[in-house]
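For reference, the chains in residue letters:
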Amino acid sequence: MTEAAFLDLWHRFHEKVVANQEVLNQLDAAIGDGDHGTNMGRGLGRVVADVNPAGSLRSSCRAVGMKLLSTVGGASGALWGSALVSASGALPDAPEVNREMALAALNQGVGQMKARGKADVGDKTMMDVWIPAVNALASGRSLREVAVQARTWADSTQSLEARRGRAAYLGSRSIGHVDPGSLSTALWWEALFEVVGS
Amino acid sequence: MTEAAFLDLWHRFHEKVVANQEVLNQLDAAIGDGDHGTNMGRGLGRVVADVNPAGSLRSSCRAVGMKLLSTVGGASGALWGSALVSASGALPDAPEVNREMALAALNQGVGQMKARGKADVGDKTMMDVWIPAVNALASGRSLREVAVQARTWADSTQSLEARRGRAAYLGSRSIGHVDPGSLSTALWWEALFEVVGS
Amino acid sequence: MKKMINRVEAIVDEALDGMALAFPAYVRRVPGTHVLTRATPKRSGRVGLVSGGGSGHEPAHGGYVGYGMLDAAVAGEVFTSPTPDQVLEGIRAANSGAGVLLVIKNYTGDVMNFDIARELAESEGIMVDSVTVNDDVAVEDSLYTTGRRGIAGTVYVHKIAGSLAERGASLSEVKAVAELVISRTRSMGFALTPCTVPANGSPTFTLEENELEMGIGIHGEPGIRRESVRPADDLARFILDRLSQDLELKGPTRLAALVNSMGGTPMLELAILARTVAHWCDDAGHDLRRMWVGEYMTSLEMQGASLTLLHVDERLEDLLDAPADTPAFRQGVSHD
Amino acid sequence: MKKMINRVEAIVDEALDGMALAFPAYVRRVPGTHVLTRATPKRSGRVGLVSGGGSGHEPAHGGYVGYGMLDAAVAGEVFTSPTPDQVLEGIRAANSGAGVLLVIKNYTGDVMNFDIARELAESEGIMVDSVTVNDDVAVEDSLYTTGRRGIAGTVYVHKIAGSLAERGASLSEVKAVAELVISRTRSMGFALTPCTVPANGSPTFTLEENELEMGIGIHGEPGIRRESVRPADDLARFILDRLSQDLELKGPTRLAALVNSMGGTPMLELAILARTVAHWCDDAGHDLRRMWVGEYMTSLEMQGASLTLLHVDERLEDLLDAPADTPAFRQGVSHD
Ligand SMILES: Nc1ncnc2c1ncn2[C@@H]1O[C@H](COP(=O)(O)OP(=O)(O)O)[C@@H](O)[C@H]1O
Ligand SMILES: Nc1ncnc2c1ncn2[C@@H]1O[C@H](COP(=O)(O)OP(=O)(O)O)[C@@H](O)[C@H]1O
Ligand SMILES: [Mg+2]
Ligand SMILES: [Mg+2]
Ligand SMILES: [Mg+2]
Ligand SMILES: [Mg+2]
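Chains as they are written, first to last, in the numbering used here: chain R, 283 to 480; chain C, 283 to 480; chain Z, -2 to 333; chain H, -2 to 333.
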């Protein structure tokens, strides 16, 4: 993956989030506080506007992370931001990265999310997409498969009772609604597939 | 007029105000603060419950006035209350009163209202009923005629711009609505006619 | 109508008890009345200050009973003037021999009921005088009508006259400073939503999603004009220009400003108005000495705000800033 | 959506400016940040107190910056945790060498963003510790979930830890008292109406005329249960029983109580709740030492209220009653 593709990923992700901003807010309104689309849209808009190629994937990944950290706010800002800052450490100070290193960085980032957020699969958070997705990739599944599956994993949060994040306060009333962070994460995987192809 | 008739007057007036409470409140909501029916209903309810015959029209008129003064509140409470207290001075310390003395007491009461409220005919207040009514009686018209006319006088406040009371703050926006205090005053005249007959 | 109450008929009674129970160090209820008076009376021989009016304007007026402000507050039913017998109880509670000043908001009902109470008190030998606050510029001033209403600016009168009374001034001096404040105070307010008088159960007017009522009073009554909603800056500047015209401010002036919530408007939005007030003063070269922002004189749960300007001088400013200690207004905490 | 604002995107920025312009004697805005800090810093060498969270809870938290309470408050967008860089600015502003205590309300977003900021500050050599307030009994407490939310009881932590810090206690002492307060504070709230997050433009939930949401948080989120509206007394007693159970109050206890408006509920109705709180304490033989009634921790214009009980002892009571002087909370005025 080139640095250009990496930055394109964030452009496409931003577009998708903006296109789904209302949906994301409404999902969050049902089981949270209704701002997930606004938060992600605001932060990604700033990434798109402010982050320029640096000739180094490590630098640009870190820059995207820092930007999200300081502009998204909320739970998702802390998780996305610190995951990317952490992942950048596993990326080379070079304008391109191979699949193996990219996977290592992904693992690093998801590990950071898990450590920071203390959520696991089944807690009805975006981890319900992140964890199966990196596991699938690690076990050799194609990005196409993962990108398609991501939606399914996101949808499957509907039947769960939330144990982490704001939705957990609703207890069993959280059942029946898709987790907004899972949906935005699925959008990210779709954007990645569109940029990288297979 | 006997003391019994006098006290019956307040019973009937109370009934009429309660029956028209919503209308009075709505008229007051349009150009005031929506409480005229509530205020009069509350005070008259207390008159009906608490004022007993005293064998003296002067005493019972004063008692009704004091009761209204301490239970109605608002502009109407001060006006009705102080008018009745003042009128009682013109009534005999006896259980009955003739037409002449009753008229003198009415005049005394209306004079007090005028002094206290500084409103005259045309200001869109209950004086638009009180003043023509006592004038008509004084010039020999029958109580029946006055009781019928009272409604007309009240209705005619609709086209006026308020110059006194809360409705005055609306300026020309007060035009087009009947003054609530005029309507409750008309109800009083109707009650009086029902009690006294011709 | 959805309200956090028990019974409509008991609202005022229970709320008065609630104030006395919540702030026992500040106020007590005169038994059997609608009067809140100071828990610790002010030093005897000082002028007493009494205000009041209909309920529904909280923290006015019970919230202003205490050191440096009122000695007694008299509450009527919601948006209904208190009755003369109750006002008389307030006067009695506030009197310690040096006389009592009544601070009346200019509404026909309030003026008449307070007047009657004053006559009753005087017949008991209590020295009573009164001032009538009429700060609302929305209404045309005229000798031939009821005149202007009293709204949020009333709290400036409580504060300044209260502090002068606390310092031991005579009844005529306290009255004079109250009249000075009245002559230099102007206010105007607007509503984004109406409010519901409990006894009625439905809002006193209705507004579309893009409408506001300009020039409202504090009893849920409609204002002088219905307008389109506009940005907070425009609203504030429009009102401030009106106030400054009416105060006949010629050049840079020393001012105090009050940004008052009608009850339902949150502090977040008030702060945005406050910002514009400061900017407007800057633009005009005025010296904005003091700003109060919050709920001072409300109309139940109505959303909206009023702005008040007070043209201060050194003496008024000193009295405005003097310590006060009441349930709803406190200042002058000493730091160590 | 009808709000007294200029532009949705500018609300927080303009409101922060407004606070600084309205209360220049109390707070200033750290330039270029969402941080309000004291206009006059506390004596150097004392522990700094920093709190914050999303906007929309005014007067929390900027209104509590000042003598005896916070040293800095960090504001996020409406109902959105502030970002770590902003919290770091708050920590820097509050630090005068003796370390900084972060008072965090227990929400995943707040906790994570404050944690990251703490790591950043520590890497700059600033001593930082934190406490997490989780007073809301509506939510089940459990190690396997997010745990309970922090709501209005947070203000007790500000007040008591703030006064201890003001007296010169060490970071570990200030943290210990904050944790003691947290362990003895319980709250629960309900909504009569929802609120509208400006960026969304429509209410987060809808309620019928006879419905309320019980067990709400402070971000417009739905509560744990939808109920029929009932008399204020019933509501208050139901909540107080829950709080007292959860506090495991065995017999008569010394208590402080906070009757908090969610923003749109007027003081008139709060006073009615306050009355019931006092009666409930009487009935149970509790010694109700101090009551606060008003807007302390709000959800924009939401109508509703929360009740908080704090189990005090002599030391906590002394700290609770110690002087404080901030835009929104003042006590300890000396009378002459
Ligand atoms: N502890 C956690 N671990 C992982 N993801 C979480 C956690 N808490 C919340 N999330 C995710 O964050 C999303 C909410 O983000 P957002 O609405 O932007 O923040 P906030 O909840 O602070 O308003 C949730 O839908 C969920 O997917
Ligand atoms: N100055 C006045 N003189 C005579 N009648 C008046 C005056 N002011 C008000 N009124 C009468 O009082 C009525 C309003 O009474 P009410 O609603 O009970 O009191 P308030 O206006 O204090 O709410 C008006 O409709 C009008 O008829
Ligand atoms: Mg959210
Ligand atoms: Mg009326
Ligand atoms: Mg009235
Ligand atoms: Mg949020």
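Don't read these hints as lab results, they were simulated from the structure.
Be aware that one or more of the hints could be misleading.
[Stated by the list, open to error] Straight-line Cα separation of at most 20 Å, DMTMM-like style, residue types lysine to aspartate or glutamate; simulated pairs: (1) K(-1)(Z) <-> E224(H); (2) K298(R) <-> E443(R); (3) K(-1)(H) <-> E208(Z).
Evaluated hints:
1. Note on K(-1)(Z) and E224(H): the hinted pairing holds, with a Cα-Cα distance of about 13 Å set against a maximum of 20 Å.
2. About 27 Å separates the Cα atoms of K298(R) and E443(R), which puts this hinted pair outside 20 Å; it is violated.
3. Simply put, K(-1)(H) and E208(Z) have alpha-carbon atoms about 9 Å apart, close enough for the 20 Å limit, and the pair holds.
Comparing the model with each numbered hint stated earlier shows that hint 2 is the single one that does not hold.
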